[in-house]
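Peer 1: Listed below are the residues making up each chain.
There are 2 protein chains.
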Amino acid sequence: MATPWKDRYALRTEGMGSSVIRELLKLTEQPDVISFAGGLPAPEMFPVEEFRQASEKVLAEHGAKALQYGATEGYMPLRSLIVKQMARYGIHAREDNILLTSGSQQALDMIGRLLINPGDKILVESPTYLGALQAWSAYQARYVSVPIDQDGMRTELLEEAVRSGPKFMYILPNFQNPGGVTLALDRRMKLIQMAEQYGIPIIEDDPYGQLRYSGEHLPPLVLLDCDHLESRAGDTHGYFDGNVIYTSTFSKTLAPGLRLGWIVAPVDVIKRCVQSKQGMDLHTSTFVQMVAYEVAKDGFLEQHVRRIRQVYAHRRDVMLAAMERYFPEEVQWTRPAGGLFLWAWLPEGMNTAELLELAVQTQRVAFVPGHAFYPDGQGKNTMRLNFSNATPEMIEEGIRRLGVVLKAQMTGAARAERLVERVTA
Amino acid sequence: MATPWKDRYALRTEGMGSSVIRELLKLTEQPDVISFAGGLPAPEMFPVEEFRQASEKVLAEHGAKALQYGATEGYMPLRSLIVKQMARYGIHAREDNILLTSGSQQALDMIGRLLINPGDKILVESPTYLGALQAWSAYQARYVSVPIDQDGMRTELLEEAVRSGPKFMYILPNFQNPGGVTLALDRRMKLIQMAEQYGIPIIEDDPYGQLRYSGEHLPPLVLLDCDHLESRAGDTHGYFDGNVIYTSTFSKTLAPGLRLGWIVAPVDVIKRCVQSKQGMDLHTSTFVQMVAYEVAKDGFLEQHVRRIRQVYAHRRDVMLAAMERYFPEEVQWTRPAGGLFLWAWLPEGMNTAELLELAVQTQRVAFVPGHAFYPDGQGKNTMRLNFSNATPEMIEEGIRRLGVVLKAQMTGAARAERLVERVTA
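Those protein sequence lines, which keep their order, are chains W and C.
Residue numbering for the first sequence follows our numbering, starting at 1 and increasing by one per position.
Residue numbering for the second sequence follows our numbering, starting at 1 and increasing by one per position.
If you are wondering where the hints come from, they were derived from the structure by calculation, not from laboratory data.
None of the values given here were measured: they were computed from a predicted structure.
Heads up, a few of these hints could be off.
All copies of an identical chain are treated as equivalent in the list; a pair is satisfied when it fits inside any one copy or across any two copies.
Claimed, not checked - Calculated pairs, BS3-like style, for lysine-lysine (alpha carbon to alpha carbon, straight line, at most 30 Å):
no.	residue 1	residue 2
1	Lys271	Lys121
2	Lys190	Lys84
3	Lys84	Lys297
4	Lys65	Lys6
5	Lys271	Lys380
6	Lys190	Lys6
The shape of chain W in the complex, shown without the other chains (with noise of 0.2 Å):
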């Protein structure tokens, strides 16, 4: 008789890795936790009715085509309406450069499956998104990596970076996950300068762009890309053909639980996209595309975004404020001009890890530890704030918890150092 063909395949050991956020999600679910950690937007924001209303005139109308099985590259109105959401930013996309996606985190899994050979690097922003790490580790990448400072990833240090031969170059400018940091215009004209002149394209990832909350937008890179190819070219060459693959979502303008995003790029770019995608899910959900076309049309989104921005940004300053009452001065952090999370440094040594456990053990409230979102195994006295989900109340109260716990920690780090200073002097 044979080995068992999970042990020959090494099925029962663990070596994919886990997602922190998502195992430390199940932790904090016990009603009496007041969590930080997770990336939910706020329920109570959902537009419900709409999408009662929206179900209804659908299944009523296009029944048996919302239940049928649909094209690939998607519902073609509400690829539509997405060229006319690019366009607002300045971008002139076709319906033929745009595929939907069971979420963007499906679109990060086709670009690797697209790219991505074994032991290829990826250039990537220190911290970044977790989600990207995970889909793209399945493709066994590499990591090179650029950190970030209050101006998002830092530019002067890319070209080294670029130099060490990346596949592509993977940013999410605006309010990033999980930094809250945006990036600086002279620091995008930089990367698609070096996008050009290294010829690597760049994924840009943008969930949050719609949510910004202070300060001026900033053109997207995608856009600054093609303004710069045109300008050198003479005149346009038609849209995308350029360096830049963007990606967004509609989970934090309409519903999250839609599974619901799209890509940007050029038409050849998708052709092959589409290909993946009918070996991936054949296609994303009919019924739920035409249910959130119902729902977006008709300017009925940028009202809701508008809706969407006002509360967050009033959660983002009573968190700021909170901050500055409760934290103990040692304790660093970004203030996000939009987006869900905000980002905080802890004095070097402080891990964490080990203060998420006693955060919920004595004082009930969780965060994501910053470490995870390293692809270099940085970031250990790091830590992520989301600001959407939790009410003012709950915030406030949070990050007083928050304050206790580290300054609990810190008092006690610094009596120990002082011992140790006592005992080796």
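Given the coordinates of chain W, assemble chain C onto it according to the supplied hints.
Peer 2: Leaving out everything else, chain C in the frame of chain W:
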């Protein structure tokens, strides 16, 4: 300036192979073409009214939950419903043996990601499901194939194929797509025994298992495997630590536009699949899962499947009778006991890809040339016909038209052959 990235990454060429079926479907969407090419369920059978009521109820009672992120494993009540459904076939799964997927196509992709290393061989039936070949070719799989006859895979040829060292065996035991054939019980036993003897897992793909129109239900491989292992072990060592991973879907029983399927597997395999799915699309649409659960529960699914069986059984009978009447006697075909498809063999030397062009152009009727379903370049004289989508009247008329094309082509071929004989005589 560097070479543009798309040239360096060879993205401008079509290296991944497009789906023949999908390209054809586009061709045959013209309204005057009678198409047996797709694999579409009958849209008039979709329970649209039940979906309206279910969407209404889910959004009215659990709107915030339905639109929020959900667990990667799937919506727990739906997992429980699948457990009950499997139990009716004698399979004692628990909820943690079940993972909801974005269609069973995603289940196949996930299995490929989990098990296939570049160059690995996969043992498949010949012909087999095109979507599986598409999914696994992305992981650089190679194939070893065992031909089918009217009783499914010819297992007398299995051992030789198994000795070539395949990573897993992929079997569609019931009303196979594309062949329409059903694997005989003694052949099922042989497969189970080979899997154990050589320590090679079986992927059992069963989208049509509930759609049987004649003959007796046969036990799925996963059940035979459990029974076999239990009888060897002397007692049950808990459900599912065996050699079979089972996958199915709601696409044929409720609606394919949902994109909702599932995997049943040992707990440790499910855990690994969950990790993969986090990188692939985080989870399947919460909204879709909750609505599907609401439609399916309380026995509706079973009632509805009975109605589908009646309608499709009639369509199958109409198609088989029309083929007897209109097809030249040299053509042979399968007589499926269920499912959506039947399979026809034309005389050797005929080419169904050429025939399709003629059929669409001269008689406005379409089918799928069988060639694409063979991993090894065979089957040029075969075709797949779908009998679920067109009405009985359309089936009768379409088969009549196809008979005209076949007769014309075969007379032409015979004339050409006689001509060649005369010339060379």
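Peer 1: Hints first: check each against the structure and report whether it holds.
Peer 2: Status of each hint after checking the structure:
no.: 1; hint: Lys271 x Lys121; verdict: both (24 Å within a copy, 28 Å between copies)
no.: 2; hint: Lys190 x Lys84; verdict: within (28 Å within a copy, 58 Å between copies)
no.: 3; hint: Lys84 x Lys297; verdict: within (10 Å within a copy, 40 Å between copies)
no.: 4; hint: Lys65 x Lys6; verdict: neither (42 Å within a copy, 36 Å between copies)
no.: 5; hint: Lys271 x Lys380; verdict: between (41 Å within a copy, 27 Å between copies)
no.: 6; hint: Lys190 x Lys6; verdict: between (49 Å within a copy, 21 Å between copies)
Consistency with the previously given hints fails for number 4 only.
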